[in-house]
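Participant: Those sequence lines, one after another, are chains E and Z. Under my numbering, the first sequence has 322 at position 318, and the numbering climbs by one with no breaks. Under my numbering, the second sequence has 256 at position 139, and the numbering climbs by one with no breaks.
Because the hints were derived from the structure by calculation, they are not lab data. Here the structure is a predicted model, which is why all the values come from computation and not from measurement. Possibly wrong hints are sitting among the right ones.
Some chain Z residues near chain E, calculated using beta-carbon distances under 8 Å [what the hints assert, rightly or not]:
#, residue
1, LEU126
2, LEU156
3, GLY160
4, ALA161
5, VAL178
6, SER179
7, MET204
8, LEU208
9, MET209
10, ARG215
11, CYS240
12, TYR266
13, ARG268
14, ILE270
Listed below are the simulated SDA-like cross-link pairs for lysine to any residue, each with C-alpha atoms no more than 20 Å apart in a straight line [stated by the list, open to error]:
#, chain 1, residue 1, chain 2, residue 2
15, Z, LYS251, E, GLU317
16, E, LYS338, Z, GLY133
17, E, LYS320, Z, CYS294
18, E, LYS320, Z, ILE270
19, Z, LYS174, E, GLU442
20, E, LYS857, E, ARG820
21, Z, LYS217, Z, ARG268
22, E, LYS369, Z, LYS174
23, E, LYS320, Z, GLU263
24, Z, LYS174, E, GLY193
25, E, LYS857, Z, ILE270
26, E, LYS320, Z, THR271
27, E, LYS58, E, PRO94
28, E, LYS320, Z, ARG267
29, Z, LYS174, E, PRO868
30, E, LYS136, E, PRO868
31, E, LYS320, Z, LYS251
32, E, LYS320, Z, ILE259
33, E, LYS320, Z, LYS174
34, Z, LYS174, E, GLU85
35, E, LYS411, Z, ALA258
36, E, LYS320, Z, GLY260
37, E, LYS29, E, GLU85
38, Z, LYS174, E, ALA192
39, E, LYS865, E, PRO94
40, Z, LYS251, E, ARG319
Don't be surprised by glycine CBs; every beta carbon is placed ideally from N, CA and C.
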Amino acid sequence: MRRLQDPATLEQWREQIRQQQRPEKITVCNGTGCHAYGCEKVTRAFVEELEHQKPGRSIEVKATGCHGFCERGPIVTVYPEGIFYQQVKPEDVSEIVRKTVINKEVLERLLYVDPMTGQRVIHESQVPFYQKQQRLLLGANGLIDPTSIEDYVALGGYGALAKVLYGWSAEEVIAEVKRSGLRGRGGAGFPTGLKWELCRQARSDTKYIICNADEGDPGAYMDRSLLEGNPHSVLEGMIIGAYAIGASRGVIYVRTEYPLAVKNVTRALEQAREYGLLGDRILGADFSFDVEIRRGAGAFVSGEETALIASIEGRKAEPRQRPPYPVQRGLWGKPTVINNVETWANVPLIINQGADWYSRIGTEKSKGTKIFSLVGKIHNTGLVEVPMGITLKEIIYEIGGGIPRGKRFKAVQTGGPSGGCIPAELLNLPIDYERLTEAGSMMGSGGMVVMDEDTCMVDVARYFMDFLRDESCGKCLSCREGTERMFEILSRICAGQGRPSDLELLEELAHAVKETSMCGLGQSAANPVLSTLRYFRKEYEAHILQKRCPAAVCREIVSSPCQHACPIGAEVPVYIALIAHGRFAEALEVVRKDNPLPSVCGRVCHHPCEAKCRAGDGGEPIAIRALKRFLTDHAPSLGAPRRAVFPTGERVAIIGSGPAGLTCAAELAQMGYRPTVFEALPVVGGMLAVGIPEHRLPKKILQADIEAIKALGVTIQTNTALGREITLDGLFAQGYKAVFIATGAHKSVRLNIPNEDAEGVLPAMEFLKAVNLNETVKIGPRVGVIGGGNAAVDAARVARRLPGVESVSMIYRRTRNEMPAFAEEIEAALEEGIAIHYLAAPKRVITEENRVKALECVRMKLGPVESSGRRQPLPIAGSEFTLDLDTLLVAISEQPEIALQDSQIRVSPWGTIVVDPETLATDRPGVFAGGDVVTGPKTVIEAMAAGKIAARSIDQYLRGVPLTPEYALTRPSRYLEPSVLSEDELLTARRPPMPVRSSAERIKDFHEVELGLTEEMAVQEARRCLRCDLEIQKSQAQSAREVIAR
Amino acid sequence: MVTLRINELDVTLEEGTTLLEAAQFLGIEIPTLCYDDGLSPYGACRLCVVEIGKEPKTRLVSACTYPVEEGLVVRTHSTRVLQARKMLVELMVSIAPRSKTLQDLAAQLGVQQVRFETRDEECILCGLCVRICKEQMQSGAIGFAERGYRRRITTPFDRKSEICRTCGACIYICPVCQLRCQGPKPPTAICGSCLQLSPSCAEVYDDLMCYMGPAGVCGTCVKAPNK
C-alpha cells in the first residue's frame, strides 16, 4: 500500500473510504465483556446467516470495540436505523436477519426495557445508561472495527496529526494542550501540557514517549477497552505528543494479561507504518517517530512511572524516589513523558476541536470527560464516560440504575485499591480530582466499585490490604511492613479478635505509611483503611467491642449469617438441620430456648435472617420463618417449661404485654425472678393482639405462646395501665425491685392535611384495635387507606373482609418497589382485590356536613435519590384527582403515648423514652425501658431482643453487679451432621411457595390465610440449607487438631 | 551552588548533594539504617525522612536520596518527622526484636513498647548487603527475590552461589544481625537503659535548637500523636 505523503492524500483517502462504506451494516460488540458472553459466535452467526438468507445487497458485519454496556452484552446494532439489541444469542441471529435486516421490523423481545418506565427502547441513545454520558472517547468504539485503520480514518482519524504536522509548532501544540486543562488520567492528575513543556525544555539529544497501559486495579478496565477498541486514537495522541516534545521513540507498556489489546495495538502499529503515519518522515513531514510494544508481567507497581521505566529497561519493577522526575531523567536516563492510555486518547480530540471547546467540559480544575468502570453491586455494570463534575448519585442511580435486589447503597470505592470508600452521605459529591481527594479517596485510574448493605467495610479494607501487601514491591520498609501490619490488624478485627486499642494503632500506622512511603503505591496504600475508619468507624467498633459484623460477612464472627442477623440470636442452622433429619421435637426445643414466642415469630417476623441467607445470594433464601411455623404447627405439645435452678423470689414489674414485655418476663422467670406483667388493655399481647389482624396471627395461636410463658411462672394482670392504676413509685412501694417499661407505640401520627378530623377519618391502629377487640366498627362502603407499611396493608385487608365494604384502595406516595410492607403481603392484598394507587399523596379531605366524602390526592413523580437510597417523591403540579370515599384509614406511622410525668424518666422530643442503648437503663435506677416505646415503631423480633437485653440488665442490677452487656462471637451450640443431597435434588430443590387459601374464599372470613408447610415440604426445604455453620466448625476443629499435632 | 534552609539555617552547597549530606555538613544528626558512605543511596529504610516545603504544603522525603534544591526549606526533626520515625522504628523492632542496634534506635526515639506481633527475624531488608556485595566487592552474589511481604534476600535460585567469595562484607555491613540485645526484659519491651539520659522537654518543638547537645536526637520531647 502507498505511503501517505501529505495531508491532501490523507484527505483523498478518507473521502475514498467514506464513499466505499455502505450505510447498511450490523455491528456486534467484541469487547472483553461481550467475549465472555460469546460475541464471537454471534458475529460468526451473522456472517453465515447473511450468506444463507441472501438479503440481495451487501451488508457489512463489523466486530467493534467495547460499547460500555457490559451488563447487557453481547450488544448488536443494526444500521442505518440504529436499532439497538441487547443480550443477543447466536439463536437470535437468524430472526434478526430475517425480520430486522430484510423486512425492517423491530424485534421487541431483544430491545432494552427501561426499568423506570417499563418501556422498550429502540435506539442506543434512548437507553438511560447512555443518556447522562458524554462519550467523547468511548463513542467511537461502537462504530469502528479496531483492526481496520480505514474505519478510524473514516471518522476523521489522523486529521489532528496532519493539522499539527503541517501548520503548528511544537510550542503551539503544548500551549493548546495546556490551555485545554487536560490532566493525567492515570490517577494523580498532573497537568499534561505542563509535563510536556518540562520535557520539551529538558536538554537532550534523545527523548522518549511512553504510554502507560499497565492498568492493574481490580475492577478497572477502561484503558483496556480503549486499546482494544480504538488503538489508533491512542497512537495518534502519542505521535502528536512526540512531535510536541521532540521525541523520536515511543513505548507502549501494556500488561501481558491483555492479549487482545496487544494484538490490536500491534496491528495498529503495522498499519500506521504501512501508511506512513509512523516511522520516518511521518505524512511526508520532517518528523520521524516510531513506537514499540513492551509487555509487562502484570505487577501492580509497574504502573508507577519510575517502576515502569525500570521494567522497560529490563530491571525489576521497583520505584525510585523522585526527583529526578522522568521528564528530567527517564527511560535510559533521557527525558521522558509518561501518560496513560486515556490521556493520550484525549489529545487528538483537543487538537481537532480546540482547547476552548474542551475546557468548557468539566469543572474549574478538572476538564473534559473521565471514563469509569462501574462494577460491583450495581444494576448496569459497564464502562461509563461522564463529564468531570457529575455527581456520584447521577452515576450510580441514573447511569448505573441503582442497586440490585432492592438493597441499600452503602459506599463506593473509587480509585482502585489505593483509593478510598465514599459513603452514601456523600452521594452528591461532584466528581473531580480535588473533591475525591478531599473525601479521602482519589480519582485513580477510574475504577468504581459499588457496595451495598451486605458489604462489610472492615472486610473490604482487609481485602484491599491483602492485595496491596502482595503488590507492594517491598523495597521501602513503610509500605512493605506497613501494609502487612495493617492487614494483620484488620484480619484480627475480622476474626473477632480485635482489641480496643487496635483502631488507634491502625490509624497511627496508616498515617505513617502514607507519610513516609517512597512512591505513590505506598503513599496511597493507607487510603482504604483511613477512609473506612473515617466513614465507617462504628462498623469497626461493632466488630471489636460487640463482636458483631453488621453486614454479616466476617465468617469468624458470624458463623451463620441467619443466626448472626437474628436480633435474638436464634440458632437457625441447628433447628433447620434437625428438621432436615426429621427430629422435630428437638428442633422446637432449640427454637424455644431462645424464643418464647415461636408461633408468633413463625408467622409475623420480618425475618432479617432470610435477608442475609447465603442461599439467597443469587438464588432463593431458605424459608426460615415458614420452617419455624412448621415446627410449632407440628409439635406434639409446646414442651415442658424449664424452671430456674435457684429461684430468687424477687419481684419485677413489667409494664406492657407486647413482645418486649412478654420476652423479658419469660427470661426473668427462667432466671428465678417473679415477674408480673401489667397490661392496660383487657387482652394480653400488645400489638400482637390488637395490631396484627386475625388473618395473619390467629388469637388462639398467640394464646398458646402466652400460656407457655405463663407456665414459666409469669403473672399477667390486664386492665392495668401506667399512670392510671399504677405508678412507678407505687410499684416500688409495693415491693417490686425493678421495672421494665415496654408500652409500645400506639398513637397514630397525624397527616397534617385539611379536614383530617372529619367524621370517617380513623387512625388505622385504632381501627385494627377495635376489630381485634370485637368492637363494632362501622366503615365503608368505600374505604381508603393511606400508607405503605404493614399496618396499612393490614388495615386494608381487614377492611376488605368487613361486611358492607365494597371497595378498598390504598394510597402510597412512592412505587411498589419502595413500599416498606412485606412483598408477600402486598401481593396478597392485590389478589384480594385491593386497589393500590402508587405515586399519589393525600392533599385534603373533602367533606360534606363534616363527614368524609372524598379524598383529594396529587400525583407524585420520583425525583432525585435521597440519602436513604430511595427516590424522593415530588408532587406534580396540576395533577390533582379525587377518590370518593366513605372511610379513610391513616397508617403513616405511630409514636408512643406514655404518662411519665414526675417519674425521673427522660423522654425525647419524639415522645420516646431515653435509655442507654446497650443496657436499656433509664435515668432512674431500677427502671428499664425497651421496644417501640424507646425506638418508635419497629418489628416484633427487635422488641423481643430488647426484652432479652432488659432481662439481662435487670438481673445484673438486682444482683448488684455493674450493668455490662456481654458480647460473644456467634456460634451454634451443637454440631449436626449435614444432609447429603443427590444430584437430582441439587438441581430441583426450590423454595416452596407458602400454601394459602384462595383469595375468593379468604376474603369472606378472618381465618388465617397462610396454611403452613407440609412435613414433606419442610424437610425438603431444610435439606436445601447451605449450613454455613459447618464452615466455621470445621476450621475450628482443624485448628484444634493443629494445636494437638504441635 | 544551591542555597537552602535547614532547621532555620541557610546553607550553600554544591548541586547534587543530598539532603542527608547537607545535614551532616551542618552537624545535624539524622538516623539512618540503609545508608552507607561508600554505597549508592537506596531510600529503603525511610528512617532518614525529613520534612520539606513550606506550610501547609510540606511533605516527608528520604534525606539520603533527595538532592538539594534552591530555596528548599527543610526540617530534620519536626514533630511530624519524629512521629514518623518512631513508627518506622517500632515496625523494625517488631521484625527483629533482638537487634541491639534497633533497640537502641527505638530507645533514642522514645519508643517504649512495640504494639505489633513480633516476628523474631533478623533482616529488615535495608539492602546494604546487596549493595556492598555488588558495588564494593564487585560480586553481586545476593539480591532480592519476590515482592511485597514475601520479599527476601537470597542467592539466585536459592542455590549456593558460585561467585560468592565468602568475604563476609554482607555480615560486616549488616545493621541488624550482629548485636543481640541481652536485656532482662521480654523481647517486646524496649529497655533503652544504656541510652535513657535525656530529660523530657517541650511537648512540641518543631524548629529544633535543643541545648542538650546533638540537636534533638533523643526524640523524647515528642509525645504520642494527639487523638
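Participant: It remains to establish, for every hint, whether it holds in the given structure.
Facilitator: To see whether the hints hold, each was checked on the structure:
no. : hint                : in the structure
1   : LEU126              : violated, 23 Å
2   : LEU156              : violated, 15 Å
3   : GLY160              : holds, 5 Å
4   : ALA161              : holds, 5 Å
5   : VAL178              : holds, 7 Å
6   : SER179              : holds, 6 Å
7   : MET204              : holds, 4 Å
8   : LEU208              : holds, 5 Å
9   : MET209              : holds, 7 Å
10  : ARG215              : violated, 17 Å
11  : CYS240              : violated, 11 Å
12  : TYR266              : holds, 4 Å
13  : ARG268              : holds, 3 Å
14  : ILE270              : violated, 11 Å
15  : Z:LYS251 x E:GLU317 : holds, 19 Å
16  : E:LYS338 x Z:GLY133 : holds, 18 Å
17  : E:LYS320 x Z:CYS294 : violated, 26 Å
18  : E:LYS320 x Z:ILE270 : holds, 14 Å
19  : Z:LYS174 x E:GLU442 : holds, 14 Å
20  : E:LYS857 x E:ARG820 : violated, 27 Å
21  : Z:LYS217 x Z:ARG268 : violated, 23 Å
22  : E:LYS369 x Z:LYS174 : holds, 18 Å
23  : E:LYS320 x Z:GLU263 : holds, 10 Å
24  : Z:LYS174 x E:GLY193 : holds, 17 Å
25  : E:LYS857 x Z:ILE270 : violated, 88 Å
26  : E:LYS320 x Z:THR271 : holds, 15 Å
27  : E:LYS58 x E:PRO94   : holds, 18 Å
28  : E:LYS320 x Z:ARG267 : holds, 15 Å
29  : Z:LYS174 x E:PRO868 : violated, 38 Å
30  : E:LYS136 x E:PRO868 : holds, 14 Å
31  : E:LYS320 x Z:LYS251 : holds, 16 Å
32  : E:LYS320 x Z:ILE259 : holds, 14 Å
33  : E:LYS320 x Z:LYS174 : violated, 32 Å
34  : Z:LYS174 x E:GLU85  : violated, 56 Å
35  : E:LYS411 x Z:ALA258 : violated, 58 Å
36  : E:LYS320 x Z:GLY260 : holds, 11 Å
37  : E:LYS29 x E:GLU85   : holds, 10 Å
38  : Z:LYS174 x E:ALA192 : holds, 16 Å
39  : E:LYS865 x E:PRO94  : violated, 40 Å
40  : Z:LYS251 x E:ARG319 : holds, 15 Å
The structure shown violates the earlier hints numbered 1, 2, 10, 11, 14, 17, 20, 21, 25, 29, 33, 34, 35, 39.
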